[in-house]
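**Q** Given next are the chains, with one letter for each unit.
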Amino acid sequence: MSNALAAEHEDIRLSLPLEYQKQILRDVRTEDGLVILARGLGLPRIISNLLHSYDRPGNLVVLLGAHSREEDWIGESMASIASATDVATKGLQILNTELTGVEKREKLYAQGGMFSITSRILVTDLLTKLLDPVKITGIVIIRAERVVATSTEAFILRIFRQNNKVGFIKAFSDNPEPFTTGFSPLSNMMRHLFLRKVYLWPRYRLEVAKSLENRRAEVIELEVNITESMRDIQNAILECIEVCLAELKRSNSQVDFEEWNIESALQSGFEASIRRVLDPVWHRVSKKTRQIVSDLTTLQQILHYLLTYDSVSFNKVLDAILATNTPAPGSTRQNHSPWLFLDAANIIFSTAKRRIFGSLENKTETLSNQISESEGLEELPKWSMLAEVIDEIEHELHFNPPSPDSANNTILLMCSDGRTCRQVRQFLQNMQPTENGKPANAKTMMRRKLKAYREWKPNFVKIKDQLFRHEESTVKQGIHGHQNYDHRGKPPPNKRRRVRGGGTIAAASSTHPINIRNTAICMEDGEATRLDDFLGNDDIVAKEEVAVDLLEHIEDFFELYDYDELVVILPYDGDMDDRALEELRPRFIVMYEPEPSFIRRVEVYRSSHQNRSLRVYYMYYGSSVEEQRYLSAVRREKDAFTRLIREKGNMAIVLTQDGASMDDPQNIFLRTINTRIAGGGRITAASEPPRVCVDLREFRSSLPSLLHGRNLTIVPCMLTVGDYIISPTMCIERKSVKDLISSFRDGRLYTQCETMLLHYKTPLLLIEFDQNKTDKKPFADMTSSIGSTDLQTKLVLLTLAFPRIKIIWSSSPYATAEIFEELKKNHDEPNPVKAVSIGLEEGEEPTNSYNQAPQDFLRSMPAISSKNYKNLMLEVENLRTLSNMSQRQIQNIVGLEAGRAVYKFLNKDFRGLS
Amino acid sequence: RLNNPGGSNNILVNPRQVRKGNRILDHIRNVPWEYDSELQSDFVVGTTTCALFLSLKYHRLHPEYVYNRIQALGKLYNLRILLVRVDIDNHTDSIRDLTKTSIINNLTIILAWTDAEAGRYLETFKSYEMAQPTLIMEKQAPDYASRIIDTLTSVRSVNKADALSLISNFGSLRNAMNAIPEEILMIGGWGQQKVDRFTQTIEAPFVIRN
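Residue numbers (this note's numbering), protein chains in the order written: chain A, 1 to 914; chain B, 1 to 210.
Chain A extracted, bound-state conformation:
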């Protein structure tokens, strides 16, 4: 705090244009607190200004919780603020293990500055004292909603506060909902953050409204009607969702599903919320329930695809869904998605077909060359509306050029994701413009898509048959199903569908504007492209590629495009959109899909730049789920803030009642620790404090944090054998119920037990339940007879195979921490150096650590076992390199047999098999 106050007096240049933003910064600089801001009100800017204000020699500030692109941007904008002042600053330094090793981190910490650190790295650095908590000036947390009791972030703050009583903690969140729902109401969060002041900034707060509403942008709302067939499909999907929900409630009466209805099923976080409720009992729910949960996700997805995919692509997705769900011959109906048997499902599939092929009454798919002009190849209604809007803008620019100001004539087109961006761009390039009062259409594009679909379909059927029929036959026959893989030499019968290029728009490079109008012109040069309406003419495909390839190497030409000539298509990208607006300075924005936070961003942008004119077109499908989803998102945020304001009021009473002790975050902390000591009941008079070696990967779980809370010293190690070493002889492998199931399935647990047994006298398997689990339920579904797939059976097999392995059952991570403490009593402390070296091969470096995701991918491949996967990981850079290696090269690493299998697995072309 003293630092903060000292810095206040310096001349700090703030680049915050709006009054409420300045006030937020002033508030939080003066007094530590949690700022909850409505989405889209410019949080990253406030953060970068805050960090900049602390960027002075001698300060070390940690930024926690930023995503990698956010880090980049905050870093850049700090640099740009700094460049406008003459204060010497260090800027933001970004630390993640992939790039910065231990020694380098130590050096950087010694120099001080602003750091953005991944929480998992920070927690180990704090524990190993690589970064001494005393040396930290303060911590800034974004996404504070993630700081729940058992999170790594809460763990970090506890270590920090334990060692450092003066450093500041400033927390930010632009996601109010988690503070009001679930198990983490505001006051609890505040406790974990060691904060007592909360600043609430809803959009409707007076200061915000004043800042944003004195100059409004011109907004034109365009309600687009969905077609009749789209409405039919939408209603059918909704009906399916409703049936699934009812079934879910019926078959899981013990679980509280009350708050779920069709409306909540439309929210994006719905699947996660089902899983959250079901997770504690997940190992016990019936197969059917699991099926329904995954069905709900699927249904929700196709609901989204219906409004965003073109009719051909939509049907293609349905094909894939149908294929993966088609019952294998001989299997029973029970194993398959119940919704597929509903009449509504039939409507979905048949209507989707009709959208492409027209009425199916007297035409079959093979005859559909004669698709009538009026029906069939249905286009998305937004397309022609979009063409109209762009037309209108161009007209206006042509006939009444706007008075020059600092805005560009750029048209910014915002879509929900990269895929939609691409689709819209394709449309704009290929559309037949409005002529003689006929609206613009995309016949050529749709026909091309249909042609590609026809080429794809036979392949798809073939592959589907192979993959799924095969799966089933291997179950029956056991191993070695297929022997004819040698089709590598043979070219695939059909030319691969070309989907190259043009993707520069998407994601990663989302800040590169793409010149559409230029390409559109080059497309028009080739008259054939526009006029050739016939399917089956390869010229079309070729032409498209030429045009698209131009775009693909856009960077190579180093040509500066005039912003006035551009239509820029970008996906919504959270706070990064602020940056896009600042850089592009568009005069026109077309919101192709609704997005509440983007509207605010436009408001903020508009109010920040008084001299830039701006017009926003805003499109949505009327009375569709899109509209409904938008409205309820707005309402939920508003409700959350209202509830927070009420809770804030109540909280103040609690604080004053408790008097001085509650006023001081340190006291709150000490009290928490005290109760823990009372429960643990150990006075550390022993010569050595109790110690536990914890595998680095375990820092994803909450257990290390809780062990630390029980006054055990945590030593982060890179362990090869076991997850926790609590004494020289006791080694523990921790499995949550979910891990247990999956590691039984892939055999990992068996191998882990083998190695534990080899190196430790007392190997232990910890089975840890979720803390919210309701007890008194059987471990497994007891309805069937003894089955070889039951968890129980596998556990029995494990104990029979390893009688020496003991099992620790724990109802929650809290209980686990107590059990560890109990087991450690009267035992020597583990030796970290020895623990790390155990299980390593001769000459293997203990400092290597492995990336989890590629490791999982690799280990799921055939012929990769626990014995050879490490060799591969040490010899090969990454999975892509592996995929391009020759058979001989792979064999040199893993041996003849396995090498051949891996090679064939990677190279087998499934389209080549008949």
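Source of the hints: derived by calculation from the structure; they are not laboratory data. Every clue listed holds true.
Which chain A residues face chain B? A few, computed with CB under 8 Å, are given here:
id: 1; residue: Ser313
id: 2; residue: Thr324
id: 3; residue: Asn459
id: 4; residue: Gly747
id: 5; residue: Tyr750
id: 6; residue: Val796
id: 7; residue: Glu822
id: 8; residue: Pro862
id: 9; residue: Ser883
id: 10; residue: Phe905
id: 11; residue: Leu906
Below 30 Å or equal to it, Euclidean Cα-Cα: the simulated DSS-like pairs (lysine-lysine) are:
id: 12; chain 1: A; residue 1: Lys870; chain 2: B; residue 2: Lys160
id: 13; chain 1: B; residue 1: Lys100; chain 2: A; residue 2: Lys761
id: 14; chain 1: A; residue 1: Lys129; chain 2: A; residue 2: Lys104
id: 15; chain 1: B; residue 1: Lys160; chain 2: A; residue 2: Lys451
id: 16; chain 1: A; residue 1: Lys870; chain 2: A; residue 2: Lys735
id: 17; chain 1: A; residue 1: Lys353; chain 2: B; residue 2: Lys160
id: 18; chain 1: B; residue 1: Lys194; chain 2: A; residue 2: Lys353
id: 19; chain 1: B; residue 1: Lys194; chain 2: A; residue 2: Lys738
id: 20; chain 1: A; residue 1: Lys825; chain 2: A; residue 2: Lys129
id: 21; chain 1: B; residue 1: Lys194; chain 2: A; residue 2: Lys288
id: 22; chain 1: A; residue 1: Lys135; chain 2: A; residue 2: Lys165
id: 23; chain 1: A; residue 1: Lys451; chain 2: B; residue 2: Lys194
id: 24; chain 1: A; residue 1: Lys738; chain 2: A; residue 2: Lys288
id: 25; chain 1: A; residue 1: Lys648; chain 2: A; residue 2: Lys22
Being a predicted model, the structure only gives us computed values, none of them experimental. Don't be surprised by glycine CBs; every beta carbon is placed ideally from N, CA and C.
Following the hints, position chain B against chain A.
**A** Coordinates of chain B only, in the frame set by chain A:
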């Protein structure tokens, strides 16, 4: 039993269980059982496997009981199960103590939340007495077609349908792994997040070198 190497096909039950009215006997249905009054344990479920049964409700009233039983058991049997019937709500403390005891006395704890589940465990131990652990071992069989789905779905948020559409578009895993993200993004069902996760998995180095 150790002194009867041939073993019995039945689960051997200590008659004491019947006297105490242990309800789990009602749930041993798939495997026959018989009385054996010479047992030191409560159940014998294999030539070298025995089980002691403990109800937590009883344990709370008579904490010394289980220790006496363990002592009487001595060092008999290779695999010694302590089958614990969880029939009280607040079981954390009891289980913590029992865990410690089990490690000292070479017992393996199995928890059962219902009588039926406890019975099922005993049945399973008996019927898998001679089974090889192949079911839970790593699988080596190279059966490509079905494994390709498993492999692709090992990436978070990628499901079966996504895996299928990916392979049907690219033909082989190698092609898919060398595709540029924009190509994958064109496939139905593959959103930005999925594509990002997939590409990250493919491109991330296996080894993080410090």
